[in-house]
Every structure is written in C-alpha cells, then in structure tokens.
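> In case you want the letters, here they are:
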Amino acid sequence: MRLLVTGVNHKTAPVEVRERLAFDQNALGAALRALMKRAGVVEAVILSTCNRVEVTAAVEEDCPVDDMLEAFLAEERGFDLDRIQPHLYRHEGREAIRHIFRVAASLDSMMVGEPQILGQFKAAYAAAKAEGTVSGFLETVLTRAISVAKRVRTETEIGQSAVSVSYAAVELAREIFGTLAGKRVMIVGAGKMSELAARHLRRAGATHMLVTNRTHSRAEEMARLFEAEIVEYDRFKAALSEMDIVITSSAAPHYILRKDEMRRVIEARRNRPMFLIDIGVPRNVEPAVNELDNVFLYDIDDLAKVVDANVQARHKEAEEGEAIIAEEVERLMERLSARAVAPVIVSLQEQLEQLRCAELERVRGRLGQLTPQQEEAIEALTRGIMNKIAHGPIAELRKNAGRPNGIPVVDTIRRVFRLD
Amino acid sequence: MHELSIFWLRAAAALYSVGLLHAILTVVRRSAPLFRGAIGAFRVGVILHLVSIVERGVSVGHLPVDNFYESASVCAFLIALVFLFVHWRYQFASLGVFLFPLVFVLTLLGGMEIPVAGWQNRSVRDAWLVVHVLLILLGYAALLLTAVASVFYLVQERHLKKKQPRAFFDRLPPLGTLDNLITSSMGFAFAFITLGVITASTWAFIESGTRWIRQAKIGIAFLTWGVCLGMVFLRTSAGWRGRKAALLSVFALGLSAVTWAAHVGLRTLLTR
Chain A
1 MRLLVTGVNH KTAPVEVRER LAFDQNALGA ALRALMKRAG VVEAVILSTC NRVEVTAAVE
61 EDCPVDDMLE AFLAEERGFD LDRIQPHLYR HEGREAIRHI FRVAASLDSM MVGEPQILGQ
121 FKAAYAAAKA EGTVSGFLET VLTRAISVAK RVRTETEIGQ SAVSVSYAAV ELAREIFGTL
181 AGKRVMIVGA GKMSELAARH LRRAGATHML VTNRTHSRAE EMARLFEAEI VEYDRFKAAL
241 SEMDIVITSS AAPHYILRKD EMRRVIEARR NRPMFLIDIG VPRNVEPAVN ELDNVFLYDI
301 DDLAKVVDAN VQARHKEAEE GEAIIAEEVE RLMERLSARA VAPVIVSLQE QLEQLRCAEL
361 ERVRGRLGQL TPQQEEAIEA LTRGIMNKIA HGPIAELRKN AGRPNGIPVV DTIRRVFRLD
Chain B
1 MHELSIFWLR AAAALYSVGL LHAILTVVRR SAPLFRGAIG AFRVGVILHL VSIVERGVSV
61 GHLPVDNFYE SASVCAFLIA LVFLFVHWRY QFASLGVFLF PLVFVLTLLG GMEIPVAGWQ
121 NRSVRDAWLV VHVLLILLGY AALLLTAVAS VFYLVQERHL KKKQPRAFFD RLPPLGTLDN
181 LITSSMGFAF AFITLGVITA STWAFIESGT RWIRQAKIGI AFLTWGVCLG MVFLRTSAGW
241 RGRKAALLSV FALGLSAVTW AAHVGLRTLL TR
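Same order as they appear, the protein sequences are chains A and B. Sequential numbering of the first sequence, starting at 1, is according to our numbering. Sequential numbering of the second sequence, starting at 1, is according to our numbering.
These aren't lab readings, by the way, just hints derived from the structure by calculation. Predicted model only: the values in this text are computed from it and were never measured. Please note: incorrect hints may appear among the correct ones.
[What the hints assert, rightly or not] Below, simulated DSSO-like cross-link-like pairs (lysine-lysine); rule was C-alpha separation at most 30 Å, straight line:
id	chain 1	residue 1	chain 2	residue 2
1	A	Lys192	B	Lys162
2	B	Lys162	A	Lys305
3	B	Lys161	A	Lys237
4	B	Lys161	A	Lys305
5	A	Lys316	B	Lys161
6	A	Lys192	B	Lys163
7	A	Lys259	B	Lys163
8	A	Lys237	B	Lys162
9	A	Lys122	A	Lys37
[To be verified] Among chain A residues calculated to face chain B with C-beta under 10 Å, some are:
id	residue
10	Leu172
11	Thr179
12	Arg269
13	Asn271
14	Glu291
15	Asp293
16	Ala309
Here a beta-carbon is modelled for each residue, glycine too, at the ideal position from N, C-alpha and C.
Please construct the entire structure, taking both the sequences and the accompanying hints into account.
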C-alpha cells in the first residue's frame with residue numbers, strides 16, 4: 001500500500017487559491033466518494049481548513065498514480081491543473097506520514113501550537129469514517145497522528161503560552177493573582193481592544209466589572225455586554241483602589257493616571273497587587289507607575305513583546321515536537337512494515353506445519369503402536385525441529401521488513417520455501 | 001504587700017491574654033471575631049493593672065520602677081493606656097494585633113517577680129519543656145516557609161516588573177498564591193512562637209525564679225519574638241509586601257537561627 005498526500009497550505013498558496021480549493025463541509029462526502037472512484041484508491045481523507053486543503057489517499061502498491069490526486073483536486077474544484085500545480089506540495093510514504101503527524105500536532109500551522117487544527121483533523125477523520133473511506137492502513141496512520149499530536153501537546157509546552165495581545169494580558173493577570181475568580185476589573189475607555197481583553201478576563205473568572213467612558217452611550221453598550229456597572233468618567237479614580245485590574249484605552253492625548261495618584265491608590269489598597277493594562281495610544285498611564293511596588297503596568301508594546309517571546313518559545317518547543325514526530329514516524333513505519341511481512345510469516349509457518357504433519361503421517365505406520373507419552377515426545381520433537389528451521393527466515397523477514405534493500409530478501413525467502 | 005500587687009498584675013495579664021488570642025486569630029484566620037471581647041477584657045485588665053501599680057507605689061512610696069519587673073509592668077500599663085486612647089480617638093483597631101501581645105508579654109514578665117512554688121510533678125515539668133520546644137520549632141519552620149515564600153514573591157515581582165517573559169522563574173507560583181502562603185505561614189509562625197515564648201517564660205520562672213531574665217540568650221529570644229510581632233503587624237496593618245516584607249522575614253529567620261543556636265543544649269535540662 002502506498003500513502004500519498006497532496007495539497008496547499010498558507011505557505012504554498014495565497015488565500016485566493018486556498019479559498020477556491022477549500023471544500024465545504026457538506027460537500028466533503030461527495031468529494032470523498034468521487035475520490036474513491038479513481039483507479040487504485042483504497043482509502044482517502046480530505047482535510048479542509050482556512051489555511052490548508054489537502055487530500056490523503058492510500059493507493060494500491062502496483063497502481064500507477066502519477067498526478068492522480070492533483071488532477072482530482074483541480075477537477076473537483078474547477079481549476080486548471082497547470083495553474084494550481086506550482087502551489088501544491090506532495091509527499092509519499094514515510095514523508096507523507098511525517099507530514100500528517102506534523103499537521104495534526106500543529107507544527108505545520110500558521111501559528112505553531114494552535115489547538116484548532118487537531119479538532120479539524122479529527123473532524124476530517126470522522127467525515128471519512130462516516131463515508132467508509134478509511135479502514136485498515138490509512139486509519140492506522142490517522143489515529144496514530146491524533147495520538148502523536150496529543151503526545152506533542154503533553155510533552156512539550158507548544159500550546160502553553162498566549163500568542164495574542166489580549167490573551168497575553170489574561171496570562172499575566174494569572175501570574176499576578178493566580179485565580180481571577182472574584183477579581184474586580186475596571187475598563188477605562190470602551191475600545192475594541194479593551195473589549196477583547198475584558199472578554200478574556202471575564203471568561204477566566206473575573207466577573208465583577210466596572211466601565212467608564214467619556215461617551216456615556218458607548219459605556220452603556222459595553223456595560224450591557226459584560227453585565228458591568230457604569231462609573232462616571234470624572235469619578236472613576238475614586239473607585240480605583242477597589243480594582244485589581246484596570247484596562248485603559250482612552251483616546252485622551254495625555255496621561256490619565258499618574259504616579260502620584262497611583263501611589264495613593266496602592267496605599268489605600270494596603271499594597272495589594274494591582275495590574276494596569278494600558279492599551280491606549282498615546283499611552284494613558286504614566287510609565288513611571290511601574291516603579292511603584294506591587295503595581296504592574298504593561299502597555300501595548302510590553303504585551304506585544306510578551307507575545308513575541310511566547311511565539312519564539314513555541315518555535316523552540318516545536319523542535320522538541322519534531323523530535324517526537326521523528327521517533328513516532330519510525331515506530332509507525334516499523335509497525336506497518338511488520339504488518340506487510342505478516343502474511344509471508346503466516347504462510348511460512350503453515351507451510352512448515354503441513355510438511356511436518358505429512359511426514360509424520362508417512363512414517364507413522366513404521367513406528368508401530370505408540371504410547372501416549374511417545375506420541376507426545378514425537379510431536380514435541382518434530383515441532384521443535386520446524387520451529388528451529390523457521391526461526392532464521394522469520395527473523396530475517398522481520399529484520400528486513402520496510403527496508404528499501406529488504407525486498408530481495410523477502411522475495412528470496414518466498415521462493416526458497418515456495419510460498420506463492 | 002507586694003504579693004497583692006503581683007496578684008492584681010497576674011489577673012490583668014490573664015485578661016490581656018484574651019487580646020493575645022484575638023491577635024493570633026486575626027493573623028491566622030484573617031478575621032477578628034474576638035475583638036469586642038478582647039477590648040472589653042483589655043479595659044478591665046488596665047483597671048486591675050492600675051490597681052497593681054498604685055498598690056505597689058503606695059507600698060514603696062514612689063513610682064514603682066526600681067527593677068526590671070516593675071519597669072516592665074509600668075511600661076505595659078502605659079502602652080495599654082496609649083492603645084486605649086488611640087482606639088477611642090482614631091478607631092485604629094488593627095494596632096491591637098501588635099499591642100495586645102506586647103502588653104500581655106510585658107505584664108506576664110512583670111508578674112514574675114515573686115517566685116512561685118517549684119514543680120509539684122517532675123513529668124509535668126519535662127512535658128512542659130518539650131511542648132515549648134515543639135512550639136518553637138513549629139514556629140521556626142513556619143518562619144522559614146514565610147522567608148522562602150517572601151523571597152520567591154520578590155523574585156516573581158521583579159520578573160513581572162522587568163517584563164521579561166519566559167524566564168526561569170516561570171515555574172514560580174503566581175504572586176497571589178505566594179501572598180496567601182506568606183500570610184498563612186506568618187500567622188502560624190507568630191502563633192507558635194508566641195505560645196512558645198509564654199511556655200518558656202512560665203517554665204523558666206517556675207524552674208529558676210527570676211535569675212534567667214537577665215541572660216543574653218533570653219534577650220535575643222524576646223527580640224526574635226518582637227521582630228515577629230512587628231512583621232505580623234506591618235503585614236496586617238500596612239500590608240507590607242515585596243522587598244521590605246522579604247527583608248524583614250529573612251531578618252526574623254536569621255534572628256530565630258541565632259536564638260536557636262543560643263539555646264542549643266536545652267535538652268540537657270531534662271536530665272537534670
């Protein structure tokens with residue numbers, strides 16, 4: 001059985017090509033059925049996401065496939081093959097397995113370590129399973145890919161750190177407060193970014209929120225969104241000492257919170273830590289505020305640096321992920337190869353057993369009446385001889401299974417023992 | 001005549017002990033369920049304390065500050081008066097966390113001027129000393145935890161301040177978790193060390209009368225307790241966190257190590 005993968009992703013094709021090649025979830029079943037009708041295709045699966053469209057197929061060993069999958073993709077999506085050919089990648093055999101593992105483990109994603117791809121991968125597998133287009137060989141590869149992806153996520157920290165500014169703010173808040181349950185949040189200036197950060201904080205457990213904005217209607221809108229209280233803009237500073245987290249994104253052209261004010265606030269809080277997230281441009285909080293003990297001020301650039309560092313860390317973790325994948329590819333290749341020589345081994349064992357029984361039957365008349373103990377001893381003796389004869393060839397078959405230069409060895413053993 | 005003065009002083013110490021209990025509960029449980037009872041008992045204690053001082057003053061014919069015990073008693077009384085005034089004027093209840101234990105211990109020391117009868121039962125004597133050692137060791141262990149957690153807090157705080165993500169210190173717990181750990185361990189350290197000091201003082205008083213009070217190692221032990229008391233007070237009233245809190249807790253730990261070193265060999269007392 002040969003394994004082939006072809007497709008496009010965010011690295012090989014622009015969005016105009018990807019969006020035209022993408023399969024609608026409802027049309028996936030029909031596409032899979034069409035693919036299965038192609039000559040030599042035994043199993044197939046189609047993965048279609050916003051960053052990737054790829055077709056994977058297990059085809060018969062001796063069937064010439066050439067660019068069969070590429071042609072299928074072009075015809076199915078109404079493209080000229082020559083037009084999409086430059087954007088397509090193609091992997092076969094071991095490389096195809098490695099590619100499938102990397103995709104499932106999110107090592108080939110636009111944002112390395114993002115968790116959605118595994119869900120999309122599982123959905124593609126489920127769709128193929130529902131259509132009956134995976135079983136046996138490809139199913140083994142796909143289910144193994146899902147396990148490998150989980151292993152990569154568990155054994156590395158590839159998906160641990162935040163890679164968006166708003167989520168980085170939540171991660172930092174967790175580093176300061178531990179749990180965010182019961183923490184009080186004030187949103188000063190109801191912009192889009194602060195809305196996003198507030199949404200993440202609320203999801204993380206910070207349920208008590210206050211909103212203030214120069215434009216009252218916008219404050220009301222956001223207050224409704226988060227079931228928050230509204231504070232008048234000219235009075236929000238009086239409530240600051242009660243707040244654990246303050247998000248500022250006011251359009252004010254000057255600092256709205258200064259060091260002296262914050263010193264009084266933190267004293268009133270009896271030094272309980274306070275996290276200020278300043279996403280306003282120009283900045284809303286005087287940078288010197290960060291010099292105060294137990295006040296942690298992060299502006300938009302600081303958060304961006306956190307995100308950059310996290311992205312780099314993910315790439316570093318991805319190296320470990322690659323090592324895991326290399327190990328898993330080897331393991332699966334061994335398994336698949338062992339599976340390929342299994343029929344030869346079974347055939348050899350059956351052949352030798354038939355030989356043993358026939359020879360025993362032939363000489364039985366000359367042996368005369370045997371006691372049960374003698375019968376047992378002869379059985380054990382002949383079986384032992386056969387096992388010893390079989391041991392060498394079986395060991396050679398297992399050793400050479402999957403090796404490029406192992407095929408002649410397998411063929412020789414077949415011929416020697418007349419296993420056809 | 002002195003006996004009556006000491007009696008009133010010891011009665012005052014007994015009433016002040018409610019304040020001590022309040023302080024311990026405030027630090028350990030972070031709530032003050034006993035404050036009303038403690039302040040009531042404290043007021044009555046101050047009256048009895050005044051009676052004791054007046055009685056002694058009449059007896060000696062002047063203000064009784066002739067020796068360590070009398071000075072401790074008068075000092076405790078004045079602190080108690082100041083506290084009652086501050087509480088009446090400013091409602092500064094959290095000051096009680098610091099002053100209740102201080103007044104209690106000073107009054108207890110003041111009441112140790114006249115020796116009581118020796119140990120009635122030798123096993124009680126030995127058990128008492130073992131309980132003291134256990135309490136102090138538990139206190140030191142909690143103090144060690146406080147110091148370590150405070151240093152971790154400081155490191156984590158600096159790491160967050162410097163905005164250098166993904167550092168080695170990522171493995172440290174969040175500041176909030178460390179803060180809770182510090183508050184709890186500090187509370188237990190204070191409670192154990194205070195009870196350890198009380199058991200030690202009463203044991204030494206019964207064992208050796210008044211001789212022990214002037215020993216240098218006793219001074220160090222009381223200084224350690226005083227630093228713990230100050231640390232707890234600054235934490236609960238002023239919310240000391242970060243650098244200052246870390247330095248103070250490490251200092252308290254260092255002092256406790258010195259106290260421990262000074263008291264090595266206590267075990268031999270059991271065989272005496």
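> Evaluate each hint against the coordinates.
Going through the hints against the structure:
For the suggested pair A:Lys192 and B:Lys162, the alpha carbons sit about 27 Å apart, so the restraint of at most 30 Å is met. Distance check on the hinted pair: B:Lys162 and A:Lys305 sit about 12 Å apart at the alpha-carbon level, within 30 Å; holds. Distance hint between B:Lys161 and A:Lys237 is fulfilled; the C-alpha atoms sit about 23 Å from each other, no more than 30 Å. Taking the CA atoms of B:Lys161 and A:Lys305, the gap is about 14 Å. The hint holds against a cut of 30 Å.
For the hint pairing A:Lys316 with B:Lys161, the CA-to-CA distance comes to about 25 Å; that is within 30 Å, so the pair holds. A distance of roughly 24 Å separates the Cα atoms of A:Lys192 and B:Lys163; the hinted pair therefore holds under the 30 Å criterion. The hinted pair formed by A:Lys259 and B:Lys163 meets the criterion: a straight-line CA distance of about 18 Å does not exceed 30 Å. Under the criterion of a C-alpha separation no larger than 30 Å, the hint pairing A:Lys237 with B:Lys162 is consistent with the structure, at around 26 Å.
A distance of roughly 24 Å separates the Cα atoms of A:Lys122 and A:Lys37; the hinted pair therefore holds under the 30 Å criterion. Below 10 Å, beta-carbon pairs count as interface contacts, and A:Leu172 has one with chain B at about 7 Å; its hint therefore holds. Given the 10 Å rule on beta carbons, the hint for A:Thr179 holds: about 7 Å separates it from the nearest Cβ of chain B. Proximity of A:Arg269 to chain B holds as hinted, the smallest CB-CB distance being about 7 Å (cut-off 10 Å).
The beta carbon of A:Asn271 comes within 4 Å of a beta carbon in chain B, closer than 10 Å, and the hint placing it at the interface holds. With 10 Å as the threshold, the beta carbon of A:Glu291 comes within range of chain B, its nearest partner Cβ sitting at about 8 Å, so the hint holds. Nearest Cβ of chain B to the Cβ of A:Asp293: about 5 Å, under the 10 Å cut. The hint holds. Residue-level restraint check for A:Ala309 holds (minimum Cβ-Cβ distance to chain B is 4 Å; threshold 10 Å).
Hint compliance for this structure: every hint is met.
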